[in-house]
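S.K.: Take a look at the letters that make up each chain.
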Amino acid sequence: MSWWRRQRLALAGLAVAAAAAVSVHVWFDVLPTTDDAGPVITASDGTAEVGGHRLSVEGVEWGEFSAPDGSTTLSVTLRAHSADEAELCGTFLLSEAPSGREWLDARGDVDVRTDDERSCRSGSGAYRILAVFLLPEDASGPFWLDAPIGSADVLRIRVDG
Amino acid sequence: MSGARRWIAGAALVLCAGLATALTPPADSTYDEFLVGDGAAAAGRTLSASLTGATFARTVVSSDGDWRADGHWLIVELTASAPRSEVDAEVVLATLHVGGTVFQASERVPDTLAKRQLRVGTDTAGVLVFELPDDVTDGTAQVRLSTAYSTPQLDDVLVLSLPLDDLPAASLVELSEPMVGTR
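Chains as they are written, first to last, in the working numbering: chain E, 1 to 161; chain C, 1 to 183.
Since the hints were derived computationally from the structure, they do not count as laboratory data. Treat the hints with caution; some may be incorrect.
[Claimed, not checked] Computed footprint of chain C on chain E, listed as stretches where at least three residues anywhere in the stretch have a Cβ under 8 Å from a Cβ of chain C:
(1) 59-69
(2) 76-85
(3) 132-143
From the three backbone atoms N, C-alpha and C, an ideal C-beta is built for every residue, glycine too.
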């Protein structure tokens, strides 16, 4: 009986152990993990009710505010109704569907003078939310406006450029 | 397996183990940053930046005139933007590497580009200010920028090369607030 034949059980065990070690390494150290951001609720007709808020797109306007050379502003106005127990909203995020580029509200860098809210608030019968984004001139859309609502939901509204 | 073959196989295994040990990178390299760029401009995963100028100064003054300090200051002018996302798009850690020493950008100077929200597709022009020992006046320095504080791990760190030898020196520099684009 040859050495390989005598050691076949040990060799098989070694092969299984090596495969297990490689698999565990790939699983924990190589494969990317994903954050579960919760369900994305898409407002297909521009209106959605999430977390005690009813939000609808009232207007989209390019160049409403002064912007640096090579840039322009995209203003999105939402009509909102919020119940007393409505959940808190997070920061609005605009993403360009083809490129994946993402913009945050740019009121800090754009001279915006308005009484409109920056995000949703609870216990308000009717009010307006204005989100202003500073975009480069090559951003043409279409865009998604994401509004995190509560701890799990994300309201997604399509904004055509 | 004969006795000689066992010895040969054992020696081969010891050599293989030694080779594997020698070729295995240190544990820290698993988390090292990726240095990107080596010129006046660089672009990484979360930041893009270009050097536009640099000046030594004995005194720096904030834009509103309320703050000033004497010392050996290096004012680095640059433009920066975010390549893809404005989420967490800030220069959180800015360091100057020169002669084997690392200096962190001064946090007591107001009106700098540090921790300023950067924009996608639109440059923000501003300065980073380093307070240096008096003898740091020549050689080639590296300005390193990252969006992670302290220990960038597994992410791009921008490296901008800055020759110090021929930089102008001013007695006083009045800083300006960072400006988005050129209005």
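S.K.: Determine for every hint whether it applies to the structure shown.
M.R.: To see whether the hints hold, each was checked on the structure:
1. Counting residues of the region 59-69 of chain E whose CB falls under 8 Å from any CB of chain C gives 4; the rule of at least 3 is met.
2. Check on the region 76-85 of chain E: 0 of its residues sit with their Cβ under 8 Å from a Cβ of chain C, so the three-residue criterion for coverage is violated.
3. Counting residues of the region 132-143 of chain E whose CB lies closer than 8 Å to any CB of chain C gives 5, so the stated coverage by that chain holds, three being the minimum.
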